[in-house]
Each structure stands twice: as structure tokens, then as C-alpha cells.
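Residue numbers (my numbering), protein chains in the order written: chain A, 78 to 317; chain G, 1177 to 1286.
Misleading hints may appear alongside valid ones.
The following label-pair restraints were derived from C-beta to C-beta distances [stated by the list, open to error]:
id, chain 1, residue 1, chain 2, residue 2, range
1, A, Lys175, G, Pro1223, 21 to 27 angstroms
2, A, Gly182, G, Leu1197, 32 to 38 angstroms
3, A, Asp262, G, Thr1182, 38 to 44 angstroms
4, A, Gly181, G, Gln1231, 22 to 28 angstroms
These are computed hints drawn from the structure, not numbers from a lab.
All C-beta atoms, glycine included, are put in the ideal place defined by N, C-alpha and C.
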Amino acid sequence: MSGKFTEIWVYLAATPLLGLTVTLLAYQGAYWIYAKAKMNPLANPVAIAVAALVALLWFTDTPYPVYFEGAQFVHFLLGTATVALAVPLYANLDTLKKNLVPLGGALLAGSIVAAVSAVGIAWALGASRETLLSLAPKSVTAPIAMGVAEKIGGLPSLTAVLVVCTGILGAVLARGTLNVLRIQDHAVRGFAVGVAAHGIGTARAFQVSERMGAFAGLAMGLNGLLTAFLFPLLLRLWPG
Amino acid sequence: MLGAFTLLLVFQLVGEVLVHLTRLPVPGPVVGMLLLFVSLVARGAVPQWLRDTCQGLLSHLSLLFVPAGVGVLLHFQRLGAEWLPIAVALVASTVITIGVTALVMRALQK
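Kindly generate the complete structure, drawing on both the sequences and the hints.
The following block contains the structure:
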């Protein structure tokens, strides 16, 4: 890097303006690529934006807390967005009422299996306790997952990354898995993707059909609620 | 829009306060979400101004976890040491979860 550029960078990095601006620029650039790739889940905009920003911070030797000074204004809205999830959840209330038993049963099974299988496999392969706790809420929508990770002693920023990876995996692997099991009903397909792969899976489901998307969105909201209330209680039973 | 945003913040704040007072091990915003949901059920409809703001906020939901995601650079060492258990757990657990959820739902529909 030339001296002049370094000087300006150091000056700008000291204000929140830079962290905030590069976050918005990176995301919009990543979203442009995602749209160009016809919304292929492998071109996930969060993954691309995060990779670009990590590279930027690394090349400019900027510490994460300096970047976060600015990015915190975006980060803060996670909590508010979580509250806003009540609206799409309410919009699906009729669907929920009409299918209470199959949806409730599938939700409970899926939610528990998601956490237990991930934690169990990682534990068997020797992952550390902090990693296991960060992994547990990985199928839940990011704002809730991060809140849960914080409550149970995981690392919220690691959870954020694991949540995005899970979403991408779910969006990519759902079709094959469901085809092997010969599940054709779009309601069932959507709900399964929503429980396993939250918003990224839901976005994928909406590309297939409106019905599949609606069930995925409902699954995402319900799984977030269930996980937030159930996991911290379950963990109190886990000897530490 | 300002009114809706204020309303969301008020629910978030009430959620945080309740969690703090009751020492529930639940994130405050989730309690806020539940309270808003219950209010909507009691009211029987979502006001248009609230729906518009929430849609706007949620359409950019993925932007909101970028700052935390960048925090991955604090965990490079951990990821380098534990990439195998993490990768296997994520792939296997995702496939298993999709399968189990779908099979249980289909079984209960009949």
C-alpha cells in the first residue's frame, strides 16, 4: 500500500463511517453477484460479503473492533428484525391452526434432531465445548441463533457463520434429500427446509413455489421460538 | 414508518426488561417477538403501516448478520483446528434434519 493511501485509511478507520459504509457496499456488491448468478444458493450474498470484508480487514491490517465501531449500527437492527418476525408468523396463523398436529410434531422432531445430531457428531469427532454450544442453534434464523448462543455460552459470531453455512447447505441439499425419500408435497418439502435451513432455505423454497415458501417461512419462525425457549432449559440439564 | 419502527423498539425494550426481571434464559428480542405476535392475535389484523415497515426490514435481513459474520476472523484458529468435526456435523445434521422433519410431518398427516 502506498503511504498516501495508508494515511487516508488510518484517518477514516478511526470513525464509524468507514465500517458502516464498507458493510453496505460489500453487501450490495455481493447481492448483485447473487442476482447475476440467478439466486443460486452457492452465491449466497452473506457469504460473499463476509469473505470480501474479511479480506479487506486482513489486507489493511484493520482490527475487528475498529471495523465493528461502524458496523454495530447494522448489527443493532438484528434484535429489531427479530421482533418484526412476528408479522410473517401471524400471516401464517391460519395455516398453523389447520395443520397443528403434523406441523407441531414435525417441528419438535426437526428442532431437536437438528441440534442433537450436530452437537453429537461434532462431539464424537472431538470438537471443543465452546464450538459445540455455538453449533447447537445453527438451524435457527441468525438473529435468534446468535441470541441463543450468547445465552448458553457459545460464541455468537461463530454461530453467525455456522448459521449461514447451514442455510447454504440446506438450500443446496434439500432437493436431493427429499427426492430420495420420495416426498412430493410442497407443504412438507417447504416445512422441512424451513426447520433445517431458516431464511436461506426459505428464500430457496419461495423460488420453487408460493406454497413451499409459506410453509418454510412458518417453520423458520416456529423453530426460532421453540429453540429460544427450549435450548437454554435443556442445557441446564447438561452437566458442564 | 417512524411509528412502526418505534413500536418494534418498544416491544424489543419490553422483551429485554422482562428477560432481565424474570431471569429467563431467552433472548430479549424473542420475548418481544412473542408479545407482538400475541398482540396481533388479540387485535385480529396487522395494520398496513406495520406490515410495510416489517417487510422492508426483513427483506434486508441477511445484511444484518454481515457484521457478526465478519467476526469469523476472530475464530480462524478454532476453525483451522476443528474444521473436520464442524464440516461433518453441518452437512450430516442438515440432511438428517430435513429427512426427519419431512418424514414425521408426512406420517402425522395421515
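Quick rundown of the hints versus the structure:
1. Lys175(A) - Pro1223(G): 21 to 27 angstroms: This hint holds: roughly 25 angstroms between Cβ atoms.
2. Gly182(A) - Leu1197(G): 32 to 38 angstroms: The hint (32 to 38 angstroms, Cβ to Cβ) holds, given that Gly182(A) and Leu1197(G) are roughly 34 angstroms apart.
3. Asp262(A) - Thr1182(G): 38 to 44 angstroms: Holds, since Asp262(A) and Thr1182(G) (Cβ atoms, about 41 angstroms apart) stay within the stated range.
4. Gly181(A) - Gln1231(G): 22 to 28 angstroms: holds (27 angstroms)
Violated hints are absent here; each numbered hint is respected by the structure.
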